[in-house]
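Undergrad: Residue numbers (this note's numbering), protein chains in the order written: chain A, 128 to 276; chain B, 273 to 431.
It should be emphasised that the hints constitute simulated quantities derived from the structure, not laboratory data. Just so we're clear, the structure is a prediction, and the values are computed from it rather than from any experiment. Beta carbons are placed, not taken as given, at the ideal position from N, Cα and C, and that holds for glycine. A portion of the hints provided could be inaccurate.
In silico SDA-like pairs for lysine to any residue, Cα to Cα no more than 20 angstroms straight-line [as the list claims (entries may be wrong)]:
#1 Lys252/A x Gly231/A
#2 Lys400/B x Pro183/A
#3 Lys188/A x Thr215/A
#4 Lys400/B x Ser176/A
#5 Lys400/B x Asp288/B
#6 Lys188/A x Ala254/A
#7 Lys223/A x Asp235/A
#8 Lys182/A x His334/B
#9 Lys209/A x Asp144/A
#10 Lys182/A x Gly277/B
#11 Lys400/B x Glu180/A
#12 Lys188/A x Ala274/B
#13 Lys209/A x Arg336/B
#14 Lys182/A x Gly410/B
#15 Lys400/B x Asp186/A
#16 Lys182/A x Ala274/B
#17 Lys204/A x Phe167/A
#18 Lys209/A x Gly172/A
Chain B stretches covered by chain A per the calculated footprint, using a threshold of three residues with CB under 8 angstroms from any CB of chain A [claimed, not checked]:
#19 276-282
#20 405-413
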Amino acid sequence: MIAAGEPAPDFTLRDQDGEKVSLSDFRGRKVMLVFYPADFSPVCGDQFSIYQEVKPEIDEKGLELVGISVDSAWAHKAFQEKLGFEFTLLSDFEPKGEVARAYGSYIDRVGTANRTLVLVDEEGKVAWTYESPNPGEFPGANVIFDAVS
Amino acid sequence: MADLGSAPIPPVGPDDHVRGEGEEGLVVYADLGCPHCAGAWQRLRDRPGRLVFRHFPVASKHPRSPALHAAAEAAGRQNRFFAMVDSLYADRGRVDDPHLWQRAERLGLDLERFEEDRRAPEIQARIKRDFQSGIRAGVAGTPATFDACTLVAVREREF
Chain A
128 MIAAGEPAPD FTLRDQDGEK VSLSDFRGRK VMLVFYPADF SPVCGDQFSI YQEVKPEIDE
188 KGLELVGISV DSAWAHKAFQ EKLGFEFTLL SDFEPKGEVA RAYGSYIDRV GTANRTLVLV
248 DEEGKVAWTY ESPNPGEFPG ANVIFDAVS
Chain B
273 MADLGSAPIP PVGPDDHVRG EGEEGLVVYA DLGCPHCAGA WQRLRDRPGR LVFRHFPVAS
333 KHPRSPALHA AAEAAGRQNR FFAMVDSLYA DRGRVDDPHL WQRAERLGLD LERFEEDRRA
393 PEIQARIKRD FQSGIRAGVA GTPATFDACT LVAVREREF
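One chain only, chain B, in its complex shape (with noise of 0.2 angstroms):
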């Protein structure tokens, strides 16, 4: 049985999805799905310093979202997650499996290896891995950033 209760976030390993370069850095639990994720997306990849992306699929907000992160997981596989990432948060109106895999072959995947993998169980726990752990660490929205093991920044709401 999973163990949801409170945890800070867990450290960065060699598993994680880094982009940037330092030892201190940014860790963000996004949704590719997430409207509010894909507007904060750029001045996040584009600031300075080492950026951590966690999936963060919140599938009864954004139904398609699963599908979304195991694609940028399959694309990871092949080297281009990050890629995949950018693709899907520039252009969120053409998310269903065609668009998919036109997506894959302009990032130059293979195709057939793209599909194997983002139906792979494996990938699927690495997904939910990432999930449990914003879970535990209070994540309630997307995006959440974590300075260190330090919430930094919630999209704000009202009511």
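This is chain A alone, in the form it adopts within the complex (with noise of 0.2 angstroms):
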């Protein structure tokens, strides 16, 4: 798992709308990268759909919440209108988990990323981050409100 202080890898990836995003296109702002299992697994819904309930607050913070999973863009985009989710999720389909193995997340046995958050800073560098002890548990919206407080 990369560790604070780091500079945060950067990367090139499609999100839910086919777009090219890259971790450098939020510099000057803090973002928090939320990498996870899979799209419409019970408890990645479970995950964004509390961070969605706060996402005014998110917003108040000046924090962007990007998540990260192998799944397609398309995935991402059914998805995002399924449970109507208004964050950034970014496809890491191909090379497949590319970034979450550059961000330590990556399960190989499982072949996703752990449930993961990696909270980088206006310059670019890991200023925090947490790994659930398994992917069945996500960390409540409180820890977020934390990390950046």
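Both chains come to you apart, so use the hints to assemble them.
TA: Structure below.
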């Protein structure tokens, strides 16, 4: 798992609309990378539903929250629309899980990212990280607010 | 700006919805649109001791939840909070506005007052206060049950 203080590896991935998004696009803003196992899994749906409920407060903190999983952009679009999420979802699809691996979040035996949060500061450095003990648990939204307080 | 950083659940207060007797008991954060909560509700309400109900509507999962929580809170203003909660969990298939009016009538509520109350800003604020206290306590799914300030039960999930 990547550690606080390290430079956050840059990447360019497609979002739910097929548009290219790079980490460097967020330079000057705080961004929370939310690595998660899979669109439409019950826990992932619950996780983003909870975060969606507090999106106004996340926005007030000036924080960009971006989901990353190995799903395709089309799956992201369907997931986003089904549950009404307003967060950007990035597709770490090919090479599969390359960005998750760069951040130390990938679980080889499962074939997906673990549930991991990485806060990247305005200068592009890792400011804080959180890794769930297993993919079945996710950090509550309070953990995000603790990280940026 | 709301502070949503970690904090224990607030102590039980005079405007909490309390069922049963006793100084000790459970506090449950529940979503009235959640099937898992409906499944757990009968066991929770029938256990001995005090049970405190706190609102935790997750609209993106259950789009009618905000309306259901507002309806329960409005029924509470006519002293029928838990009667409405029981009704909503007992029959999850009929939750549109006409169904809520039917439920309100069956519970003997003043319908005009019910309609006014369930749209009142104070009721929305009351529900939001509960929700935010759950967020601060780390509630990440419903039902979430606390004994004193300790989270003792969450719904187990795979992946």
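Undergrad: Next step is simple, just say for each hint if it's right about the structure.
TA: Results for each hint:
For the proposed pair Lys252/A and Gly231/A, the alpha carbon gap of about 15 angstroms is at most 20 angstroms, so the pair holds. For the given pair, Lys400/B sits about 13 angstroms from Pro183/A by alpha-carbon distance, which is consistent with the 20 angstroms threshold. Taking the CA atoms of Lys188/A and Thr215/A, the gap is near 17 angstroms; set against the 20 angstroms cutoff, the hint holds. Distance hint between Lys400/B and Ser176/A is fulfilled; the C-alpha atoms sit about 16 angstroms from each other, no more than 20 angstroms.
About 13 angstroms separates the Cα atoms of Lys400/B and Asp288/B, which keeps this hinted pair within 20 angstroms; it holds. Distance restraint check for Lys188/A and Ala254/A: the Cα-Cα separation of roughly 15 angstroms lies within the 20 angstroms cut-off, and the hinted pair is therefore satisfied. At most 20 angstroms may separate the alpha-carbon atoms for a hinted pair to count; Lys223/A and Asp235/A meet this at roughly 11 angstroms. Distance restraint check for Lys182/A and His334/B: the Cα-Cα separation of roughly 17 angstroms lies within the 20 angstroms cut-off, and the hinted pair is therefore satisfied.
A hinted pair counts as satisfied when its Cα atoms are at most 20 angstroms apart, and Lys209/A with Asp144/A qualifies at roughly 15 angstroms. Our distance criterion of 20 angstroms between C-alpha atoms is met by Lys182/A and Gly277/B, whose separation comes to about 14 angstroms. Between Lys400/B and Glu180/A the alpha-carbon distance is near 10 angstroms, which keeps this suggested pair within the 20 angstroms criterion. Taken as a hint, the Lys188/A and Ala274/B pair is honoured in the structure, with Cα atoms around 10 angstroms apart against an allowance of 20 angstroms.
Annotation: proposed proximity of Lys209/A to Arg336/B holds, straight-line Cα distance about 15 angstroms (limit 20 angstroms). Between Lys182/A and Gly410/B the CA atoms are separated by roughly 16 angstroms; this keeps the pair inside 20 angstroms, and the hint holds. Distance hint between Lys400/B and Asp186/A is fulfilled; the C-alpha atoms sit about 17 angstroms from each other, no more than 20 angstroms. At most 20 angstroms may separate the alpha-carbon atoms for a hinted pair to count; Lys182/A and Ala274/B meet this at roughly 12 angstroms.
Annotation: proposed proximity of Lys204/A to Phe167/A holds, straight-line Cα distance about 11 angstroms (limit 20 angstroms). Between Lys209/A and Gly172/A, the direct Cα distance comes to roughly 10 angstroms. Compliance with the 20 angstroms bound is thereby established for this hinted pair. Look at the segment 276-282 of chain B against chain A: 4 of its residues bring a Cβ nearer than 8 angstroms to a Cβ of that chain, three or more, so the hint holds. As drawn, the segment 405-413 of chain B meets chain A at 7 residues by the rule of a beta-carbon pair under 8 angstroms; at three or more, the given contact holds.
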